[in-house]
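**Q** Dock chain B against the given chain A, drawing on the hints supplied.
Residue numbers (this note's numbering), protein chains in the order written: chain A, 1 to 244; chain B, 1 to 244.
Careful, some of the hints might be misleading.
Claimed, not checked - Restraint ranges, calculated between C-beta atoms of paired labels, are given here:
1. B:55 - A:177: 45 to 53 Å
2. B:4 - A:168: 37 to 45 Å
3. B:91 - A:175: 32 to 40 Å
4. B:31 - A:216: 24 to 32 Å
5. B:214 - A:90: 35 to 43 Å
6. A:212 - B:210: 30 to 38 Å
7. A:95 - B:210: 19 to 27 Å
8. B:177 - A:134: 24 to 32 Å
9. B:164 - A:105: 47 to 55 Å
10. B:175 - A:232: 48 to 56 Å
Calculated from the structure, these hints are not laboratory results.
Quick reminder that beta carbons are idealized off the backbone N, C-alpha and C, glycines included.
2 protein chains.
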Amino acid sequence: MKGNISAGVLLIGDEILSGRTQDANLKQIAEFLQPLGVPVKEARTVPDEQEAIVDAVRALSAAHDYVFTTGGIGPTHDDITADAMAAAFGRTIDVREDARAILEDWYARSGTQITEARLRMARIPDGASLIANPVTGAPGFQIENVFVMAGVPKITRGMLEDVAHRIEGGPVTHTVSVRLEDVREGDIAESLGALAQAHAEVSFGSYPWFEDNGGTLRRGVVLVARGRDEAFLDTLRGQLAALG
Amino acid sequence: MKGNISAGVLLIGDEILSGRTQDANLKQIAEFLQPLGVPVKEARTVPDEQEAIVDAVRALSAAHDYVFTTGGIGPTHDDITADAMAAAFGRTIDVREDARAILEDWYARSGTQITEARLRMARIPDGASLIANPVTGAPGFQIENVFVMAGVPKITRGMLEDVAHRIEGGPVTHTVSVRLEDVREGDIAESLGALAQAHAEVSFGSYPWFEDNGGTLRRGVVLVARGRDEAFLDTLRGQLAALG
Numbered sequence: 001m002k003g004n005i006s007a008g009v010l011l012i013g014d015e016i017l018s019g020r021t022q023d024a025n026l027k028q029i030a031e032f033l034q035p036l037g038v039p040v041k042e043a044r045t046v047p048d049e050q051e052a053i054v055d056a057v058r059a060l061s062a063a064h065d066y067v068f069t070t071g072g073i074g075p076t077h078d079d080i081t082a083d084a085m086a087a088a089f090g091r092t093i094d095v096r097e098d099a100r101a102i103l104e105d106w107y108a109r110s111g112t113q114i115t116e117a118r119l120r121m122a123r124i125p126d127g128a129s130l131i132a133n134p135v136t137g138a139p140g141f142q143i144e145n146v147f148v149m150a151g152v153p154k155i156t157r158g159m160l161e162d163v164a165h166r167i168e169g170g171p172v173t174h175t176v177s178v179r180l181e182d183v184r185e186g187d188i189a190e191s192l193g194a195l196a197q198a199h200a201e202v203s204f205g206s207y208p209w210f211e212d213n214g215g216t217l218r219r220g221v222v223l224v225a226r227g228r229d230e231a232f233l234d235t236l237r238g239q240l241a242a243l244g
Numbered sequence: 001m002k003g004n005i006s007a008g009v010l011l012i013g014d015e016i017l018s019g020r021t022q023d024a025n026l027k028q029i030a031e032f033l034q035p036l037g038v039p040v041k042e043a044r045t046v047p048d049e050q051e052a053i054v055d056a057v058r059a060l061s062a063a064h065d066y067v068f069t070t071g072g073i074g075p076t077h078d079d080i081t082a083d084a085m086a087a088a089f090g091r092t093i094d095v096r097e098d099a100r101a102i103l104e105d106w107y108a109r110s111g112t113q114i115t116e117a118r119l120r121m122a123r124i125p126d127g128a129s130l131i132a133n134p135v136t137g138a139p140g141f142q143i144e145n146v147f148v149m150a151g152v153p154k155i156t157r158g159m160l161e162d163v164a165h166r167i168e169g170g171p172v173t174h175t176v177s178v179r180l181e182d183v184r185e186g187d188i189a190e191s192l193g194a195l196a197q198a199h200a201e202v203s204f205g206s207y208p209w210f211e212d213n214g215g216t217l218r219r220g221v222v223l224v225a226r227g228r229d230e231a232f233l234d235t236l237r238g239q240l241a242a243l244g
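In isolation and in its complexed conformation, chain A is listed as follows (with noise of 0.2 Å):
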């Protein structure tokens, strides 16, 4: 079923649903995975439902080889990303002595008291491996394919590190991108079509942008090609660079 390696990510979350708080964890996850070879082909924002968490993680998983999730796994009431992994693989869930003892130990040195809330994040499931969080302490954790992590943008980064060599990755993916300048996409779209057909190795994506620099409205394309040839992609700056 799994052909190409790829990867899922699922983002957990009312605060971006509802535009509260903008996500940067797709980007960081995506820039993260590139370099591993590992593309990811499809995320999904759900909100903080058990329901809707159980069947995300489990269609991305079924269809993904590596399946990335953050947010939920602090310690309030609306945390509850640890206990929907476990229902959505079958696991039971309760507080596992060794995420209690990450715990004590970093509170120990911050002189901070493990309080009962402060102990559901030592929640893992059966069987899941646990994540190392060099940010604040609580752990994340990996269960079957899916790495669940914190939310907050800098844990989320922290806990990649732990994350990397657990990852067999595919052939890296490659990418040159050329900005033009006072050019649309129509006046390009033909030739950039015939190039992408010439080349069907490659995929070449157009983005158009638009600036408006104190009443001086500019605008142009962003043509980009992504491949495996790192030499061959160099040979096409060129050329992307002549359709404008």
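**A** Only chain B this time, still in chain A's reference frame:
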């Protein structure tokens, strides 16, 4: 099947999944819908691939009252959203005269030639109604409960103006939020949980933040309460602040 009114968002584009582009449309669509009483309950991001677009829009269209898509309706070869929408809903698609007239009029005013590539932007599924584009002319369209819009955020924003009058919303959800400094989630989790239990009709969220200002690390929590009774939410502000 549909209880409360809800919306799904479908972001279409390789550039978002690769991390090259930071999506800004989910946030702006959610903020646009909030005062209309239509909460976004799910978002998906898919690549520029017909099967992925078709599967996602069918799933979202069945699960939500309204769906908003962005991206893939320009003039280049990788712009396949219109054809994918036609396929998803079993419609024929061709250059439509009403859309062609809009383009001809727009380009006549700017002295631009209509090319075959630009005419691609007049390909509209049979039976869809057009969405005006005040920024660059080429229209979006509505097909069943799906609003198909451009991906460049300024154009998306412009198209939303022609969408508002087609939306029948529900009761508006209001929000109050309180920013606490020098507090950790673990410090307030229990009292916040008690507050949430006491007011089941209000949804409470807690979002930790970290700031590093030239070496001085600051941390805190933003507490959010969300509900339909604005006056009552206002009375919660003091209780949330008192948790800090």
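**Q** Each hint should be assessed against the structure and marked as holding or not.
**A** Verification of the hints:
Separated by about 29 Å at the C-beta atoms, residue 55 of chain B and residue 177 of chain A break the suggested range of 45 to 53 Å. Taken as a hint, the range 37 to 45 Å holds for the pair residue 4 of chain B and residue 168 of chain A, whose Cβ atoms sit roughly 43 Å apart. Between residue 91 of chain B and residue 175 of chain A the beta carbon distance is about 35 Å. The supplied range of 32 to 40 Å therefore holds. Against the hinted window of 24 to 32 Å, the Cβ-Cβ separation of residue 31 of chain B and residue 216 of chain A comes to about 28 Å, which satisfies the hint.
About 49 Å separates the C-beta atoms of residue 214 of chain B and residue 90 of chain A, a value inconsistent with the hinted range of 35 to 43 Å. The hint said 30 to 38 Å for the Cβ distance between residue 212 of chain A and residue 210 of chain B, and at roughly 33 Å that hint holds. One distance hint, 19 to 27 Å for the beta-carbon pair residue 95 of chain A and residue 210 of chain B, holds here, with the actual separation near 26 Å. A beta carbon spacing of about 29 Å between residue 177 of chain B and residue 134 of chain A agrees with the range 24 to 32 Å that was offered as a hint.
Roughly 54 Å separates the CB atoms of residue 164 of chain B and residue 105 of chain A, a value that falls within the hinted 47 to 55 Å. Under the hint 48 to 56 Å, the C-beta atoms of residue 175 of chain B and residue 232 of chain A, about 51 Å apart, fit the expected range.
The structure fails to meet hints 1, 5 from the earlier list, while all remaining hints are met.
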